[in-house]
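Engineer: Each chain is listed here by its residues.
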Amino acid sequence: MSINTPVYYKSPQTLIGRFIMKQSIRGGVFWALIIGAYVASKAIGFSKAYPTQISRDKIAANFGSNTGLSALLGRPHGISTVAGYAQWNTIGVVVIILAIWALLLSTKTFRGAEESGRWEILLAGQTTARKAAVNALVGLLATMLIIYVIVAACFVLIGKDQAVNIGVGPALYFALASVIGGALFISVGALTSQFMPTRSRAAGAAATIFGIFFLVRAMADVTTLNWLYYFTPLGWIEKLQPLYKPQPIWLLPLLALILFLSYLSVYLAGRRDMGDSIIAEKTSVKSSNKLLGSPLSASIRLNRGNTLSWIAAVLLVSIFYGLLTKSAAQAFMQTSAVHGVNKLLQTNSSSASILYLGIVFFLLMVLIMSYSASALGRIREEEAQGYLDNYLVRPVSRYKWLSGRILMVFSIIILMGLASSIGTWAGVFSQHSGASFHSIFIAGFNILPPSFLTVGIGAIALGFMPRLTSILAYGAIGWSFLIQMVSSGINLNHWILDTSIVHHIELAPAVSPNWRSNFIILVLGVSLCVIGAIKFNRRDLANE
Amino acid sequence: MDDALIIKNLSKKYGKFFALSSLDLTVKKGEVFGYLGPNGAGKTTTIRAILGLIKPSSGSALVFGVDSQKNKVEAHKKIAYIPGEATFWPGLTGKETLLLLGKIHGKVDLSYQAELVKRFKFDTSKKVRTYSKGNRQKINIIAALMTRADLLIMDEPTTGLDPIMEQAFRQSVLEAKANKQTVFLSSHILEEVEALCDRVGILRAGKLVELGTLSEMRHLSALTVQATFEAAPPKVDHIKGVSDVKIIGHELICQVRGPIAPLLSVLVAAKPKSLLSREPSLEELFLSLYGDKEVRNLDSDNVD
Ligand SMILES: Nc1ncnc2c1ncn2[C@@H]1O[C@H](COP(=O)(O)OP(=O)(O)OP(=O)(O)O)[C@@H](O)[C@H]1O
Ligand SMILES: [Mg+2]
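Line order of the protein sequences matches chains A and B. Using numbering that gives the first Met the number 0, you'd call the opening residue of the first sequence number 0 and step up by one each time. Using numbering that gives the first Met the number 0, you'd call the opening residue of the second sequence number 0 and step up by one each time.
Since the hints were derived computationally from the structure, they do not count as laboratory data. Only a predicted model underlies this, so the values are computations on that prediction, with no experimental measurement involved. Wrong hints could be hidden among the right ones.
[What the hints assert, rightly or not] In silico BS3-like links for lysine-lysine, alpha-carbon gap of 30 Å or less:
hint, chain 1, residue 1, chain 2, residue 2
1, B, Lys106, A, Lys399
2, B, Lys94, A, Lys285
3, B, Lys77, B, Lys27
4, B, Lys102, A, Lys285
5, B, Lys77, A, Lys399
6, B, Lys120, A, Lys285
7, B, Lys76, B, Lys117
8, A, Lys534, B, Lys15
9, A, Lys285, B, Lys106
10, B, Lys15, A, Lys289
11, A, Lys289, B, Lys77
12, A, Lys399, B, Lys272
13, A, Lys399, B, Lys102
14, B, Lys76, A, Lys534
15, A, Lys534, B, Lys69
16, B, Lys102, A, Lys534
17, A, Lys289, B, Lys94
18, A, Lys289, B, Lys76
19, B, Lys77, A, Lys534
20, B, Lys125, A, Lys107
21, A, Lys130, B, Lys132
22, B, Lys120, B, Lys176
23, B, Lys117, A, Lys289
24, A, Lys399, B, Lys12
25, B, Lys7, A, Lys534
26, A, Lys289, B, Lys125
27, A, Lys285, B, Lys125
28, A, Lys289, A, Lys399
29, B, Lys76, A, Lys399
30, B, Lys120, A, Lys399
31, B, Lys54, A, Lys534
32, B, Lys132, A, Lys107
33, B, Lys102, A, Lys289
34, B, Lys69, A, Lys399
[Said to hold, decoys possible] If you want a taste of the chain A side facing chain B, the calculated C-beta under 10 Å gives, among others:
hint, residue
35, Glu114
36, Leu291
37, Gly292
38, Pro294
39, Leu301
40, Asn389
Each residue gets a CB set at the ideal place from its N, CA and C atoms; glycine is no exception.
Based on the provided sequences and hints, a complete structural model is requested.
Structural biologist: Printed below as a string of structure tokens:
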């Protein structure tokens, strides 16, 4: 037998990086285009809705002192110009989207792959733990770079619009300020992945860090404690102010922090054993028999940490924004400002604090919908990882298992509705600002139907295209959010509007709820669950 | 009802590809049945279809008379399954996992469970995440055996076990047999199958190619004849029924099917120093049935 000359592949040293980039690129392009569309709708929408300088000054005066919006979007600067308005109205939202996407992606790449053993296979190649970590980081940052290029191209095009009129240089800088938060949370996720033993804990830690950064920035925005900005990288991003009185000096600490966190991750990756984490798990633990009697109780036990964090997040967000109701309301007095918000919420209200609470509940609605999508994603994971096999080879019916899981998600959604009412009310009440408990309580439940519908969409995916469960459930939310945002700037065809699963919700307390359409959405959601379950019962299990 | 498992016309298609085509098979009550076949033959597919994890394209499987597709829950009450790979919840300990699996099955012999834990030297206090591969597999084995289910279905149950644990496993299967439980064992470890199984079915490319007791199969298949000579061995290729002739120095090994006399007379005429004839081992049977050209060729390469 002759020995053949082996084939040598090109640059094995960078293989992991290229592989990881290839895996993340599709999601990256998707979000980049969403961001482009979002910014276009905001900038062009503003310039069309407020064509004269007088009308812009007027809305600026109103928004300018709106504490509630500041807490969400950051402090407004120069919002009587299209550029200033676009900057204020978009960067805050874009940073949130990209940061969360980035931290999920990064913890999945680092800790997720290590947990499942895939990382080990990569590491067996011509590489070391550190080189592999560098590779992975570079791969992820390369994806961010591509996002940057797409976003920048979109911004340059948007800037060319006569009414918007932003130069190429500022557009590129604007794109950088929008995307750099993503790069930051790639490195944060890489670092928490070194510390935490599981992917979900790594993601939880990174999300907590994001939450803290965000709240500190929001505090700085709504108080006079300007020094708080220095303590949160999200504050530094806000300070970049790409389109109005730019302060590019703030790029320096951001870049330094990204480099430092990346370096630290790589260093720690080399110091520890494969599969280990800095915060290690105890190997021998006291066993507890609690909640191990049935698949349903076991899933309560196995998901309780995750569920409690979601409920806590809803509670915190609602308290925080509830606290700001009074100061926000004072800024809403002028009708032209109210008009913009009314358009966003599809409402026609005039009471300022009630209108503001409408926005708060809109946000809470999106948050609870995100929980629904993530919960369905976890149900699918249980199948994909093979845990479900353990139940189904025993006397457990698929219907019973799936309906148990879905009913549990439904109950938690209801709990979250309750949490959002209680939290908001606690915030509002402590400020003695108007809105009655009754109306806030109703509002908390009024926002739930889209979450049930999200579960339904996830369940349909689980039945028919199990591998797309997460993508479709989150996709429905992203799409609806986008439609809602775009439609507040541009008039959309009502067929398109109807595809938004939040479009038919009348945002209480700003408007009185439409129980009829709520009921229809709820029934639709439940029906989709039933159809999904029937199909799920009949199909092959699809393990990864 | 004497049959533990009746498989009728069971097929599974993936697109146009038949992973399993029209399988008919009956496993008697109390029997240990060996299910063999090369990689990708469709063994796991058969088992997952019996368990209802995948939906067969046609056919059915009856477990003690219960249709395992139409009435999964009832059928599963009689089944315990050992997969070849374990995916358990990484955050639970071994003890917690066994408790959960037992509760779900609904019936556990606790004293036998304790005995199995001891026999397999299984430390139940650790988190699943931290178990080695073999130790993780022990959870599968113990969880299935502790139920004393009427039908034990095993798919490469001893992957990852060390030789001592392999012995413990064989002992446990024999215990199950003594306890009148039925065992359906798919395995690549032929020694294990030879030691445990009453009957064997061999699957190839989705079709059953052999079925019977080991001695029946041996009977049907060729005899191995081995002879050593002072000088070069005689030519035997031309004799009817003789195949796979291998000559290593002064030694001759060949297979013979049917009457052995013509071969013997040629060999004896050449004055052999030693002459040996034996029935094929399961491994040899297996190799002769499995489109084994590559294996044989490798052997002759070594000889050349
Ligand atoms: N989900 C699937 N989609 C397409 N083909 C599949 C799928 N699952 C199994 N197959 C194919 O069906 C055939 C039988 O696979 P199966 O897992 O049953 O083999 P096996 O006999 O258990 O092999 P092994 O000894 O390697 O475990 C294989 O060719 C496999 O590629
Ligand atoms: Mg198999």
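Engineer: All the hints need checking, so say for each whether the structure fits it.
Structural biologist: We went through each hint and held it up to the structure:
1. Lys106/B <-> Lys399/A: holds (19 Å)
2. Lys94/B <-> Lys285/A: holds (10 Å)
3. Lys77/B <-> Lys27/B: holds (15 Å)
4. Lys102/B <-> Lys285/A: The hint holds at about 19 Å.
5. Lys77/B <-> Lys399/A: holds (19 Å)
6. Lys120/B <-> Lys285/A: Given pair Lys120/B, Lys285/A holds - Cα atoms ~19 Å apart, limit 30 Å.
7. Lys76/B <-> Lys117/B: holds (26 Å)
8. Lys534/A <-> Lys15/B: holds (22 Å)
9. Lys285/A <-> Lys106/B: Given that 30 Å is the threshold and the Cα spacing comes to 24 Å, the pair holds.
10. Lys15/B <-> Lys289/A: Violated, at roughly 48 Å.
11. Lys289/A <-> Lys77/B: Holds: Lys289/A and Lys77/B sit about 27 Å apart, inside 30 Å.
12. Lys399/A <-> Lys272/B: With a Cα-Cα distance of about 72 Å, the restraint between Lys399/A and Lys272/B is violated, given a limit of 30 Å.
13. Lys399/A <-> Lys102/B: Holds - the C-alpha atoms of Lys102/B and Lys399/A are around 16 Å apart, at most 30 Å.
14. Lys76/B <-> Lys534/A: Satisfied, since the Cα-Cα distance of roughly 24 Å is no more than 30 Å.
15. Lys534/A <-> Lys69/B: Roughly 15 Å between the alpha carbons, so the hint for Lys534/A and Lys69/B holds.
16. Lys102/B <-> Lys534/A: holds (27 Å)
17. Lys289/A <-> Lys94/B: holds (12 Å)
18. Lys289/A <-> Lys76/B: holds (24 Å)
19. Lys77/B <-> Lys534/A: Given pair Lys77/B, Lys534/A holds - Cα atoms ~26 Å apart, limit 30 Å.
20. Lys125/B <-> Lys107/A: holds (25 Å)
21. Lys130/A <-> Lys132/B: holds (27 Å)
22. Lys120/B <-> Lys176/B: At roughly 22 Å apart (the allowed maximum being 30 Å), Lys176/B and Lys120/B satisfy the hint.
23. Lys117/B <-> Lys289/A: Roughly 24 Å between the alpha carbons, so the hint for Lys117/B and Lys289/A holds.
24. Lys399/A <-> Lys12/B: holds (28 Å)
25. Lys7/B <-> Lys534/A: holds (25 Å)
26. Lys289/A <-> Lys125/B: Holds, because 17 Å separates the two Cα atoms, which is no more than 30 Å.
27. Lys285/A <-> Lys125/B: holds (9 Å)
28. Lys289/A <-> Lys399/A: holds (21 Å)
29. Lys76/B <-> Lys399/A: holds (16 Å)
30. Lys120/B <-> Lys399/A: The given pair, whose Cα atoms are some 35 Å apart, is violated under the 30 Å limit.
31. Lys54/B <-> Lys534/A: Judged against 30 Å, a Cα distance of about 12 Å means the pair holds.
32. Lys132/B <-> Lys107/A: The given pair, whose Cα atoms are some 23 Å apart, holds under the 30 Å limit.
33. Lys102/B <-> Lys289/A: holds (12 Å)
34. Lys69/B <-> Lys399/A: Distance ~15 Å between Lys69/B and Lys399/A Cα, so the pair holds.
35. Glu114: holds (8 Å)
36. Leu291: holds (4 Å)
37. Gly292: At 5 Å from the nearest chain B Cβ, Gly292/A passes the 10 Å test, so the hint holds.
38. Pro294: holds (6 Å)
39. Leu301: holds (6 Å)
40. Asn389: holds (7 Å)
In summary, the structure is inconsistent with hints 10, 12, 30 from the numbered list given earlier, while agreeing with the others.
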